[in-house]
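2 protein chains.
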Amino acid sequence: MSSKARPGWARRLGSVHEHCLSQDLSALVVSNPVNVKYLTGFDGSAGLLVCTPDVVRLVTDGRYDAAVRGLVAAGEMAAVDVERVALRYDLTLTEVLQQMALQRVGFEAGHVTVATLESWRRGQSSIDWVATDGVVERQRVIKDDHEIDVLRRAGRALAGVARRLREWVRAGRTEHEIARDIDDGIEQAGFSHVAFPTIVASGPNSAHPHARPSDRRLQQGDLVVLDFGGVLDGYCVDLTRMAGIGHVGSEAMLLVRAVQAAQREAIATVRPGQLGADVDKAARLVLEAAGLGPAFLHGTGHGLGLEVHEAPRVSRSATASSDTLQPGMVCTIEPGAYVEGLGGVRVEDDVLVTASGCEVLTEAPRDLLVV
Amino acid sequence: MSSKARPGWARRLGSVHEHCLSQDLSALVVSNPVNVKYLTGFDGSAGLLVCTPDVVRLVTDGRYDAAVRGLVAAGEMAAVDVERVALRYDLTLTEVLQQMALQRVGFEAGHVTVATLESWRRGQSSIDWVATDGVVERQRVIKDDHEIDVLRRAGRALAGVARRLREWVRAGRTEHEIARDIDDGIEQAGFSHVAFPTIVASGPNSAHPHARPSDRRLQQGDLVVLDFGGVLDGYCVDLTRMAGIGHVGSEAMLLVRAVQAAQREAIATVRPGQLGADVDKAARLVLEAAGLGPAFLHGTGHGLGLEVHEAPRVSRSATASSDTLQPGMVCTIEPGAYVEGLGGVRVEDDVLVTASGCEVLTEAPRDLLVV
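Sequences listed follow chains U and V, in order.
Following the numbering used here, the numbering of the first sequence begins with 16 at its first residue and continues without gaps.
Following the numbering used here, the numbering of the second sequence begins with 16 at its first residue and continues without gaps.
Hints in this document: simulated from the structure, not taken from any laboratory.
Keep in mind the model is a prediction, meaning the values are calculated, not measured.
Copies of the same chain look alike in the list, so a pair counts if it fits in one copy or across any two.
List time: in silico SDA-like cross-link candidates among lysine to any residue, alpha-carbon distance up to 20 Å:
{"id": "1", "residue 1": "K52", "residue 2": "A89"}
{"id": "2", "residue 1": "K296", "residue 2": "G77"}
{"id": "3", "residue 1": "K296", "residue 2": "H313"}
If we strip away everything but chain U, and leave its shape as in the complex, we get:
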C-alpha cells in the first residue's frame, strides 16, 4: 500500500551529509524538532540530532530513549544511534561533540537562540560553530512522493469535511457549537487532530481575519467564515469556505464574488518559476480592481507540510529564491477581504505545484453555502 510506505529518511539524511561535505562541516546539529522529525521520524518534544557524513546520533532523554531504540529496531524510524541525556541537553550535546572530535559544526541559525548557542560555546570552547540557514527546510519545501501521497489523502479528507458544512451551519446555532462539530468531523475523517484552532466567524466577527469562535448565534444576513485544518500522518492541510445565512445583502455578495475571482486568478498563476509574490499580486490586482485593496489584510497563502505555516511564502514579501515555485511545493491560496460594518470573506484551498501548473488538493464546492 502506498499509504503505508515509509518516508525516505536515508535519502533525506543523505542530503544533509552532502551539505556538510560541500561546506566543509564535520557535522550539522539539527535542533528544530520539525526538522528532526523530517530526517528521522522522531516525534518527541525534545531531541537533538548530530549528523556527520558517517553517523547520525540522536540526543534525547529518558522519556524517549527506550521507545526510540524500539522504533529504530523495528525500522519505523531512521537508523540513528541514541545518546541519553543524563542531566541537561547542552551538557550531553557538547560531550558527544567532544567524543566525536568534531571541529567545524553547523547549527540552525533560524532555530537556535542566542542563549542556547552561548551555552553550547561555554560547554566546548574548541568547536568552531558555523551558522547555517535552512539546510533541512530547503529539502522540506519540495515534497517527496511519500509526502505528496499523504497530502493528497489529507486534502481529499478535508474536502470531505467541507462538504459536510451544510449539516452544521444554520441560523440560531453559536459559532462555538459549529466549531465543535467541525472538529468532530475532522476527527471522523481520519485526522489525528486539528491543525489549528478552528475559526467560525459570523456577521461582524467575520471582519477579523483571525477571530476565535464565540457564543454569538448565527443570524439572518450573516456572512460566516469557516476556516479549519487537520493533521494526517503528521502533515497539515487547511481550508476555508464561506456560508451566508438566509438573504445576504448585495454589498456582501460583491465581496464574496471579488474574493472568489481573486482566488481563481491566483490559482491560475501558480506554476513553476513564478514567485510567491507574483501569485499574491494576481489576487491583489483583482481585489484592487474591486476597490478592495485595503481590505485584503494578509498574504495570499503559505506553504504546508509538517508545519501549518512553512515555506514557500505566497505574499508581497515572497521574493527570495526559496519563494520561487517549483514542482512538489504545496501551499494554500487564500485571499480575503474584510470590511468593518459589512463583514469578511476568505476562500482557501491547498495546491500542489506540478510541472505545468498546479493540482488543487482540497476540491470541494467554493460557492457561498446559503443556508
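Based on the hints, put chain V in the right spot on chain U.
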C-alpha cells in the same frame, strides 16, 4: 466577580520598565509571544513589543491591528500603541527603534534566534543590542492574585474531570476512545481546549512515559496511565491518574504504591526555600528505596502557567536560584516508574506554593481506579 478581574498589565509592564531603568536600557524588545500575552493580553500569533519606560508599542500585522485597537479601547488589553507591519516584522521593528531614537536595546536571548538578531542588526546598525535573560519569565514564575484565582478554578475543574474517569475507562474500550471522552470532558468542564494531547497508555504501552493513545483495547490486568490537561482563561493545568483493569498483579501494585508514596513525600517537601532539586530528591529516594530508581525516567515536575511547561524546574537539574520555591509558584508533582514487561505508573497533581507549604489545586482521589 473575581473571576472577571482583569490581569494587572500595568503592574507587569511596570516591572519591565524598572528593569530597563536599572540596567540602563532604553528599551526591551519582547518577542516571546507568551511574554507579550502576559504583559499586554495580546493573543495573536505574531507581535513584537517595544517597552520603554515611557511607552509600550506593539508591532503587529494587518490580521490583528484593527482587533487590537478595539481591545485596547475597550480596556481588554494593556494600553499599547499599535504599529502595523507593512511588509516584514524585522523592517518595521528597526524603523520603530530608529524613530524612537533608542540606543541600548535589550532582547530576549532565550527566545531570539541567532538569525533574527542578525537581521535586526543589519536593519539598524547603530543600536547596541543587549542580551537579557528571563526578565519577564522571572515575573511570570510568581503568580499574581488574578493568576492564582484562574489556576485554582482550573485545578478544581480538572479534578472534576478526573472524578469522571470511571464513566469512561473499562475493559474492551480502546485508548483512543477513552482519550476522546476525556477530551470531551475537558471541554464540558469549561476549558477552552486541552493543554496537550491526552495520554491514555494501557498495559505494555504504559511503560513508555509519553505514549500516544492507540487502538489497543484495555484488557484484564492492565495498568492504565491517564494524563490530561486543559487551558482555562489562558492558564494550563495538568493531572495524571492510574486505573487498573480487573485484577492487577502484585508486582504492579508494588509499583503503584511506591509511586503514590513518592508523590506524597514530594508534596510534603514543597515549601518556600526548597530547591526544585530537593523536591525531586524526596520522590527519588522513595523510589530508590523500592528498587525503582532506574525506573524513574523523568523529573518530578515542572512549573505551570501560560505554558504547560515553564519555570520552576522540579528535577535533578533544578539547582538555579530561579528553581528555588517561593510563595505563588505553581508546579506539577508527578513522579513515575516504568518497567518494560510490567507497565508504568505516574500520579500527578498541581500545587501552589504557599507561605508554609503548598496547596494542592487538583484535589481528586489518587487511589488506583479499579474497574
